[in-house]
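**Student:** If you read the sequences in order, they're chains G and C. Just so it is clear: in the first sequence, position 453 is 453 by the numbering used here, and no numbers are missing. Just so it is clear: in the second sequence, position 268 is 268 by the numbering used here, and no numbers are missing.
Among the hints, a few may not be true.
Examples of chain G residues lying across from chain C (beta carbon under 7 Å, computed) [said to hold, decoys possible]: (1) V96; (2) A97; (3) T99; (4) G100; (5) D114; (6) L287; (7) N288; (8) N447; (9) L474.
Hints in this document: simulated from the structure, not taken from any laboratory. We put the CB at the ideal spot given by N, CA and C, even for glycine.
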Amino acid sequence: MLRHKRYIVLAAILVASFVLSSTIVVAQGGPEPLGLTDFELCPPFDDVTVTVVGDAGHNLAPYDFWADDFAEMGINIELIEVPFADVYQVEKTEFVAQTGAFDVVTFYPAFIGDFASNGYLMPLDEFMSREPASVWDPHQEDVLAPFRVLYNEFGGSTYALTIDGDVLVLMYRTDLFENPDEQAAFMEQYGHELRPPETWDEWLEVGEFFTRSAGETLAGEVLDQDFYGLAEFGRRSFSWAWFMNRAASAGVMYFDEEMNPLINSPEAVAALQNMVDSLQYAPPDVLNFGYDELRDAFIQGRVAMVVQWTDVPKKAADPEQSVIVGNVGVARVPGTLVGDTVVHRSMMPVGRVVGIAADSDVPDAAYCVIRHIAYSRSLEDVSTALTGLDPYRQSHLDNVEAYVPLMGEENAQAYLAGLEEALQDGFPEIFIPGAAQYEDVLDLHVNQALAGQETPQEALDAVAAEWDEITDRLGRDAQIEVWQQALESYRALGLIE
Amino acid sequence: MSTQRLFNLPERLGGIFGSDRRHRLAAFLFVLPALVMLLAITIYPLIRTLQLAFVSLELSISPNEQYVGLDNFVRAFTDDPRFWNSMKNTAVLVFVGVGIQLVFGFVLALMANEMGRRRTVWVTLFMIPIMIAPVVAGFQFRVIFNDTFGPLNYLIEWASGGRITPPAWVADPGTSLLTIMITDIWQWTPFMLLIILAGLESISQEIEEAAQVDGASYWQLLWRIRVPLLLPVLIIGVLIRMMDTFKTFDLVFLLTGGGPGSSSETVAFYTYLNGFRFFSMGYTAVLALIQLVIIVIISQVFLKLQQRRGAI
Numbered sequence: 001m002l003r004h005k006r007y008i009v010l011a012a013i014l015v016a017s018f019v020l021s022s023t024i025v026v027a028q029g030g031p032e033p034l035g036l037t038d039f040e041l042c043p044p045f046d047d048v049t050v051t052v053v054g055d056a057g058h059n060l061a062p063y064d065f066w067a068d069d070f071a072e073m074g075i076n077i078e079l080i081e082v083p084f085a086d087v088y089q090v091e092k093t094e095f096v097a098q099t100g101a102f103d104v105v106t107f108y109p110a111f112i113g114d115f116a117s118n119g120y121l122m123p124l125d126e127f128m129s130r131e132p133a134s135v136w137d138p139h140q141e142d143v144l145a146p147f148r149v150l151y152n153e154f155g156g157s158t159y160a161l162t163i164d165g166d167v168l169v170l171m172y173r174t175d176l177f178e179n180p181d182e183q184a185a186f187m188e189q190y191g192h193e194l195r196p197p198e199t200w201d202e203w204l205e206v207g208e209f210f211t212r213s214a215g216e217t218l219a220g221e222v223l224d225q226d227f228y229g230l231a232e233f234g235r236r237s238f239s240w241a242w243f244m245n246r247a248a249s250a251g252v253m254y255f256d257e258e259m260n261p262l263i264n265s266p267e268a269v270a271a272l273q274n275m276v277d278s279l280q281y282a283p284p285d286v287l288n289f290g291y292d293e294l295r296d297a298f299i300q301g302r303v304a305m306v307v308q309w310t311d312v313p314k315k316a317a318d319p320e321q322s323v324i325v326g327n328v329g330v331a332r333v334p335g336t337l338v339g340d341t342v343v344h345r346s347m348m349p350v351g352r353v354v355g356i357a358a359d360s361d362v363p364d365a366a367y368c369v370i371r372h373i374a375y376s377r378s379l380e381d382v383s384t385a386l387t388g389l390d391p392y393r394q395s396h397l398d399n400v401e402a403y404v405p406l407m408g409e410e411n412a413q414a415y416l417a418g419l420e421e422a423l424q425d426g427f428p429e430i431f432i433p434g435a436a437q438y439e440d441v442l443d444l445h446v447n448q449a450l451a452g453q454e455t456p457q458e459a460l461d462a463v464a465a466e467w468d469e470i471t472d473r474l475g476r477d478a479q480i481e482v483w484q485q486a487l488e489s490y491r492a493l494g495l496i497e
Numbered sequence: 001m002s003t004q005r006l007f008n009l010p011e012r013l014g015g016i017f018g019s020d021r022r023h024r025l026a027a028f029l030f031v032l033p034a035l036v037m038l039l040a041i042t043i044y045p046l047i048r049t050l051q052l053a054f055v056s057l058e059l060s061i062s063p064n065e066q067y068v069g070l071d072n073f074v075r076a077f078t079d080d081p082r083f084w085n086s087m088k089n090t091a092v093l094v095f096v097g098v099g100i101q102l103v104f105g106f107v108l109a110l111m112a113n114e115m116g117r118r119r120t121v122w123v124t125l126f127m128i129p130i131m132i133a134p135v136v137a138g139f140q141f142r143v144i145f146n147d148t149f150g151p152l153n154y155l156i157e158w159a160s161g162g163r164i165t166p167p168a169w170v171a172d173p174g175t176s177l178l179t180i181m182i183t184d185i186w187q188w189t190p191f192m193l194l195i196i197l198a199g200l201e202s203i204s205q206e207i208e209e210a211a212q213v214d215g216a217s218y219w220q221l222l223w224r225i226r227v228p229l230l231l232p233v234l235i236i237g238v239l240i241r242m243m244d245t246f247k248t249f250d251l252v253f254l255l256t257g258g259g260p261g262s263s264s265e266t267v268a269f270y271t272y273l274n275g276f277r278f279f280s281m282g283y284t285a286v287l288a289l290i291q292l293v294i295i296v297i298i299s300q301v302f303l304k305l306q307q308r309r310g311a312i
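Throw the hints in and build the complete structure from the sequences for me.
**Tutor:** So, in structure tokens, the structure goes:
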């Protein structure tokens, strides 16, 4: 009897192992190779291990997708996943302590100045120019200019390759905006046609219109829960970027040429007031909305429109994640009327690049890894709903067929057109050393204004004062020099005038 | 090396050094490992922190230090409202939160003490929150407090028949600190229960019986006998919890991220931001030293209080 019991336990373990291993296989299943990119794998290494660090979750999935490719190159990938908000400090801490813990570092490009100027990263120019080009060339000429110059280069050298080109776009529910009853009601209430908001004032108007309580009717259906017109990124970390969408479109820049803050101008204060005003049409817990919450509010059908990163339309097209499949429109982020023209600006927050740690023992293999992710398989990685990676190469925009299986022809074309438009409106982060401090202060006070702890004027005056203190602490002359270089890059890329 | 040879070390060393020096050297050698450890993990970091407090070390710019005298201290005391706001939030958690834990823990301990043998099961169940990692507790309460999917707001609306609109706990600056406090109370009240129960059990039955024979009521027994005898235990419990709560970081990180605005930023969280997000090491050292001084003062006050009670 005892022996029987042992067999039963053994069988149960085997079954459990089988089920678990099947789950792992499913979890590792990624997009099919598209065969639209020309590349050759690196000559095989002798069973080398490359340690990759990056923000945990779907953006590290490509290392699983292409595990067979890495195996063919004789490379074992060891992933170190860290929380989204902690990438900088984890990597910086290891760099400062010179632990040599990582070979490949995934980081947000706002920190390239910090990492490159302090000697933490290996320049990539020599690798990129090796022959044959089919093995080593990452085809940087194909990378869209802002994502190449701002994200990859520092002091004339390339230190990183882009894997995620972030820019914000407006997403809205086409089924609501195109509903004849809603259109008629809007016309009656506001005296003009219902359309995706062109300006931030219209953003408030449309937000107000679609905000309904449970029991009211929306597009002919009685709501069983409250519905909201809009949502914002309200949580501390990137709420400042949603403010800058507004401020930049009104002509606000972070600093002047001499690094005097321009952030508390009347235009900036009006922009922040607009964001504060919008909260009344957003879910009550909007101040706790980060990326996940904002995305889910939209794709779970609780809000009519959001401004979000460009991976969200892909998520919205996936029936496993979304309840609004086929009902998503993509448009330019609203703008501000300046004279007779509406000026649009889309922040380009976050983004992801990969570089090689200066103290890596396996730089050749590390380069093969980053080139494979950043170039060879990048089209597959940005056109699937399984990652949060967004297009950043011209070839990503040109190959519409890559997105068709997920979104359908029409939606895919609309998505890429919207994205291309958003890229033309792109507005950069603060790409200088110390960016984390400047952005944190801006984020804190924007958030305090949203929480009602400060008025917009008080908040932005405080930002200006604290930015001056930071600049003095970090060394005003040196900061002015790097800021002027950054401004030059922004202008060269057409991001600012 | 055999045990015998180990214990003979002083004698064996005596062959090399004189008898008096022999013993001192042996003692020194025995203490040496602990001394080295103490120097490496306590004394050196403390001295380095003290030294850093007088320099500007902005690692996001350069690894070079620059002597700035008392500038970092001046900034903390006169020019950093965010630091004082975080101190205020921390003080609320320390005094109000720990106060509530003390009251709840005391009441629960009295109830458990009355339960006799049956209390074992209840006390074990009460211990579960302590065994849960703060990270898990943080996530758990993040779900509980969620405005859309969380069970708390669902229950409030259900119980009030929809008449009460519950707050967006974590997203409301008026309640965000409260969510941290509630989670901390949930997790650490059982600790208070445990040490107060141990204190109650150590009170001599004879004293209580004598008081009862003299006609003391339940409340007189509680206030005149139990509470005074429990005071040393209460002081130690409160001291441990205050020091621990003063360092609250994980719950802030997980539940609110310090927001909305700065409404739930604690001093430990603010120090972390300065150290590991801004990499301003000089200023971080000053913040750490200020906290150290405050904790030392609090502990000294409590220990003096206890000494005055004649407990030590």
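**Student:** Hints first: check each against the structure and report whether it holds.
**Tutor:** Verification of the supplied hints:
1. V96: 6 Å, holds
2. A97: Since the shortest Cβ distance to chain C is 11 Å, the answer is violated.
3. T99: 15 Å, violated
4. G100: 17 Å, violated
5. D114: Hint holds; G:D114 Cβ to chain C Cβ min 5 Å, cut 7 Å.
6. L287: Check passed: Cβ of G:L287 comes within 4 Å of chain C, closer than 7 Å.
7. N288: Because about 4 Å separates G:N288 from the closest Cβ in chain C, which is inside the 7 Å limit, the hint holds.
8. N447: With a minimum Cβ separation of about 5 Å from chain C (threshold 7 Å), the hint on G:N447 holds.
9. L474: Constraint on G:L474 satisfied, holds at 5 Å.
In this structure, the earlier hints numbered 2, 3 and 4 are contradicted, and the remaining ones agree with it.
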